[in-house]
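Visitor: Sequence:
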Amino acid sequence: MFGRRRGMETTSGAASTTSATLTLPHTARLLSCRVLDTVHQPIRQAKFEVTDPIGRRVVSGETDPYGGFTAAVPEGEYRLSVTAEGYAPFHGATLVGDPAQPGTAEIILDSVEPPLLPQPGHWELDPTHSSIAFTARHMGFARIHGRFTTFAGAVRIAERMEDSSMHVIIDTTSIDTGMRRRDDHLRSADFLDAARHPRVEFYSERFIHRSGSRWAVAGALTLHGVSRSVTLDTQYLGHGTGLEGEPRAACRATAELNRGDFALNWQSVLAQGIAAIGPSVEVELDVQIVHKA
1 MFGRRRGMET TSGAASTTSA TLTLPHTARL LSCRVLDTVH QPIRQAKFEV TDPIGRRVVS
61 GETDPYGGFT AAVPEGEYRL SVTAEGYAPF HGATLVGDPA QPGTAEIILD SVEPPLLPQP
121 GHWELDPTHS SIAFTARHMG FARIHGRFTT FAGAVRIAER MEDSSMHVII DTTSIDTGMR
181 RRDDHLRSAD FLDAARHPRV EFYSERFIHR SGSRWAVAGA LTLHGVSRSV TLDTQYLGHG
241 TGLEGEPRAA CRATAELNRG DFALNWQSVL AQGIAAIGPS VEVELDVQIV HKA
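Letter by letter, the sequence shown follows residues 1 to 293 in the numbering used here.
What the hints contain is simulated information worked out from the structure, not anything from laboratory work.
Do not take every clue at face value.
Stated by the list, open to error - Simulated crosslink set (SDA-like; lysine to any residue; CA at most 20 Å straight-line):
1. K292 to T128
2. K292 to R160
3. K292 to G245
4. K292 to H167
5. K47 to G61
To be verified - Label pairs and their calculated CB-CB ranges:
6. A133 to P65: 30 to 36 Å
7. R156 to Q235: 16 to 22 Å
8. R214 to H185: 35 to 41 Å
9. H26 to S211: 40 to 46 Å
10. E284 to S227: 20 to 26 Å
From the three backbone atoms N, C-alpha and C, an ideal C-beta is built for every residue, glycine too.
Please build the complete structure, drawing on both the sequences and the hints.
Guide: This is the structure:
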């Protein structure tokens, strides 16, 4: 099914205690794979994507708890990509429907070392190389993008990364969606009420390692005078040295906030009965921090 590459094999028989009947169109063929690590343990929730020879996506998804996935596709040639956190990605070709390649393909992924963590000490967020952005649903089908242009933050990296802490402060008056009238409305009492609540603050003392370079940073977010527990889904990108020789580290983090949790309840309903603004806001942070001597 696949050209030979490290760890790629095909198995002609798979042990199974149950079976199910699946009726397929006469033109359909099954593409079946298992994704394993180097000791042949299944890798669950690995992401796969099948594309045709000119790069158009045919099917995509995640592996099941046994590391497997099966897709029905027309007979032909395809490209398969498999990625998983902490493992080197796989890219290969397959000819679906070839009677000389029966069975289920096994794809073996090599583990990779996560990037080295930043050295312990005090670090400061670099606003000139960082961004705090958000996206909100508009009119039920469109999306509005915005950002905050003024913010500051500090991170204390502990000897044990899980014991680290961070504190970020955002100036609510610096909200920018590219339209002055809309920004003024967002600063008003209908939304952020920047006159009474000039700052958004996030404080965390819980750094939780998930796998590879993935971390959860859990803390308290204070917005519009309301504090709620929020967890940032964080990917640590590594560290290096800046142009002036200063140690730097970077990460990317996302979170989804429900406006109602922070009493941001203003709403307008369009003539079609559709809410003008969706109930949730997606937040995305791209952050660089600089070590303080």
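Visitor: Evaluate each hint against the coordinates.
Guide: Taking the hints in turn, this is what the structure says about them:
Taking the CA atoms of K292 and T128, the gap is about 16 Å. The hint holds against a cut of 20 Å. Restraint check: the Cα-Cα separation between K292 and R160 comes to about 18 Å, which is no more than 20 Å; the hinted pair holds. A distance of roughly 12 Å separates the Cα atoms of K292 and G245; the hinted pair therefore holds under the 20 Å criterion. With a C-alpha separation of about 15 Å, the suggested pairing of K292 with H167 holds against the 20 Å cut-off.
For a cut-off of 20 Å, the pair hint linking K47 to G61 stands: about 6 Å separates their Cα positions. A133 and P65 have their C-beta atoms about 34 Å apart, which keeps the hinted 30 to 36 Å range intact. Remark: the range hint 16 to 22 Å for R156 to Q235 is upheld by a beta-carbon distance near 20 Å. Between R214 and H185 the beta carbons are some 37 Å apart, a value that agrees with the proposed interval 35 to 41 Å.
Hint check: H26 to S211, Cβ distance near 42 Å, so the stated range 40 to 46 Å holds. A hinted range of 20 to 26 Å for the beta carbons of E284 and S227 is consistent with their spacing of about 21 Å.
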